[in-house]
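Enquirer: One-letter residues, chain by chain:
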Amino acid sequence: MIRLRFSLALLAGGLVLLAALAIGAGVGETAIPPDVVLKAVANRLWVAGYPIDPIDEGVIWSYRLSRTLMAACCGAGLAVSGVVLQSLLRNPLADPYVMGISAGASTGAVAVALLGLGGGVVSMSAGALAGALLAFGFVILLALKAGRSPVMVVLAGVAGSQLFNAITSFVVARSANAEQARGILFWLLGNLSGVRWPDVGLALPVLLVGMALCLWHVRVLDAFLFGSSSAAALGVSVRRVWVTLIGASAVMTAVMVSMVGSIGFVGLVVPHAVRLVAGVSHGRLLPLSALCGAVFLIIADVVSRALITGQVVPIGVVTALVGAPVFALLLIRGRTA
Amino acid sequence: MLTAEHLGWGLRDRAILQDISLTVQAGEFVGLIGPNGSGKSSLLALLAGLRRPDHGTVRLDGTPLPAIPRRLLAQRLALVEQQAQTQERVTVRHVAGLGRTPHLGAFTPWSPQDTACVDQALAAVDLLDLADRDWSGLSGGERQRAHIARALAQQPELLLLDEPTNHLDIAHQLGLLDLVRQQGLTVVAALHDLNHAALFCDRIAVLHHGRLDAFGPPAEILTPDRLRRVFAVDAVVETDADGLCHIRYRVPRRPPMLAAAQKELARC
Ligand SMILES: Nc1ncnc2c1ncn2[C@@H]1O[C@H](COP(=O)(O)OP(=O)(O)OP(=O)(O)O)[C@@H](O)[C@H]1O
Ligand SMILES: [Mg+2]
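Chains A and B supply the protein sequences, listed in that same order.
Here our numbering is used: the first residue of the first sequence is 111, the next is one more, and so on.
Here our numbering is used: the first residue of the second sequence is 51, the next is one more, and so on.
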């Protein structure tokens with residue numbers, strides 16, 4: 111019964127995701143109907159040879175589809191990371207950035223863009239990725255020294271984030287002119303407009319591997335319900351699971367953030383929202399969170415493009431503006447249910 | 051079946067357990083008694099392999115615990131901790147179902163046998179009616195029983211219980227200990243109620259300041275002398291016709307500090 115309902119939910123979610131991808135690729139300055147989107151994709155993938163406007167086809171394939179897929183990857187990756195970190199750290203406030211990853215990414219990006227680190231050869235994304243991983247390493251080291259408990263990890267994350275954010279602010283205040291500062295702020299709040307196929311070519315495999323690792327461990331994640339010593343008593347190799355899953359979340363998050371900036375809210379709120387509806391069993395929670403995160407971010411991206419004509423609102427602003435009220439509603443409903 | 055050899059464990063500056071050696075036979079019900087802070091929970095954690103001892107070894111059927119893969123160990127040995135809480139919204143059935151974790155691989159689907167096993171465990175602790183209740187709405191005793199059901203669903207040979215009768219009403223205390231004994235498992239249980247220890251245990255281990263003070267059958271262990279030395283209580287121990295001990299406490303001697311404080315108060 112429950113399994114049937116879950117399968118149906120998964121199927122429905124998959125269909126919604128496909129629809130969202132079609133909408134994401136169709137909406138923009140020139141609206142393109144979904145059937146043309148499908149034809150364009152068919153033309154590119156299977157040389158179907160549908161007679162459609164080559165400009166439309168180019169726009170869909172080269173810009174919008176890659177961008178929309180990237181939104182889906184980010185949404186799924188951040189949501190899955192959120193689920194994993196909330197379970198392992200036993201902290202409902204944990205999100206993918208709790209390990210200092212987004213702070214580190216912004217420092218890396220700023221170091222490249224403003225300080226000219228890497229001598230112009232290194233892209234802002236590469237700088238962000240390096241910064242994110244550096245900050246993550248710093249936080250983990252600090253947490254290990256401070257006593258390894260989940261609370262210590264979260265505290266170390268807070269400390270690391272503050273440190274790296276301070277460095278970012280310092281660099282921006284010292285070296286940026288108004289125009290650059292605006293650009294940096296924009297990047298920090300999330301921006302998908304620069305995404306091309308090579309980016310997707312990196313993000314998608316990282317997402318798939320990370321998700322596979324997490325799905326492999328759904329039972330184990332369930333066993334953390336009463337904490338890590340309880341999980342150990344249930345036969346879980348706690349240390350190995352921590353290293354694998356926290357590492358996977360960190361890498362997924364770092365890769366996404368380095369390409370699109372730190373989009374807030376998804377990793378924190380999507381897992382909670384799904385949990386309210388689908389319960390705490392990770393076998394359901396993980397795949398549904400991934401789907402919801404993907405769809406949510408695609409829609410947020412569409413809204414961010416359509417909200418003000420001729421201008422793109424940072425997607426992080428949209429996720430928060432749309433997500434917060436929805437989440438508030440869910441919380442209230444979940445309480446009375 | 052379970053052997054501890056010269057176990058020692060401590061913090062950087064303080065030894066918490068010292069030189070503990072004991073052997074638990076298969077099918078035996080061993081009680082672990084001792085005052086607060088004497089090291090009962092710590093010893094159980096060592097016996098369960100959750101902590102590595104600084105000295106000595108724990109063996110299960112002759113194999114040192116670190117040499118047994120965690121999952122295999124959990125199929126044979128279950129632990130109910132003294133305090134285990136969660137903020138999540140879960141049902142009683144979900145909690146009990148966690149006991150199946152060591153028996154299920156990453157992709158082994160949940161089977162009807164697993165459901166049957168969980169049902170049986172829930173029935174054993176009298177929780178079948180509450181199976182779909184939310185964890186947050188449970189009373190302390192119901193939570194404790196759910197944890198025991200989880201451990202039973204693990205289908206272990208060896209059950210380690212840390213104060214299993216905590217929070218339970220008297221009927222459930224006796225019922226639970228009786229139930230545990232009926233399962234034919236090997237049990238090591240930290241207990242506070244000495245009468246329960248006397249009633250249910252085949253042998254009792256007494257911990258005092260992190261050392262094993264004595265280990266033997268209840269009638270040998272529960273002497274007024276030892277109770278006074280270890281627990282600082284005056285008690286009369288009666289042995290009935292079946293050879294079972296019953297302990298009656300005299301009004302407890304007030305700890306010296308408390309007595310002094312009360313005298314102080316009386317003077318004001
Ligand atoms: N992780 C730890 N850090 C610091 N002290 C500890 C730790 N674990 C145990 N102790 C100390 O070791 C001693 C024994 O603790 P333990 O929990 O084993 O006692 P206990 O016999 O179970 O007591 P109780 O009857 O209160 O449950 C206590 O003094 C406790 O403060
Ligand atoms: Mg204890």
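Be careful, since some hints might not be right.
[Stated by the list, open to error] Derived, one-sided and incomplete: chain B residues facing chain A with beta-carbon distance under 10 Å:
no.	residue
1	87
2	105
3	109
4	113
5	117
6	119
7	120
8	141
9	155
10	156
11	163
12	279
13	283
[Claimed, not checked] The following residues of chain A were derived to be distant from chain B, with all beta-carbon distances above 12 Å:
no.	residue
14	128
15	139
16	282
17	311
18	344
19	385
20	390
21	419
No lab work stands behind these hints, which were simulated from the structure alone.
The beta carbon of each residue, even a glycine, is placed where N, CA and C say it ideally should be.
Enquirer: Determine which of the earlier numbered hints do not hold for this structure and return their numbers in increasing order.
Expert: 1, 2, 3, 4, 5, 11, 12, 13, 18, 19 and 20
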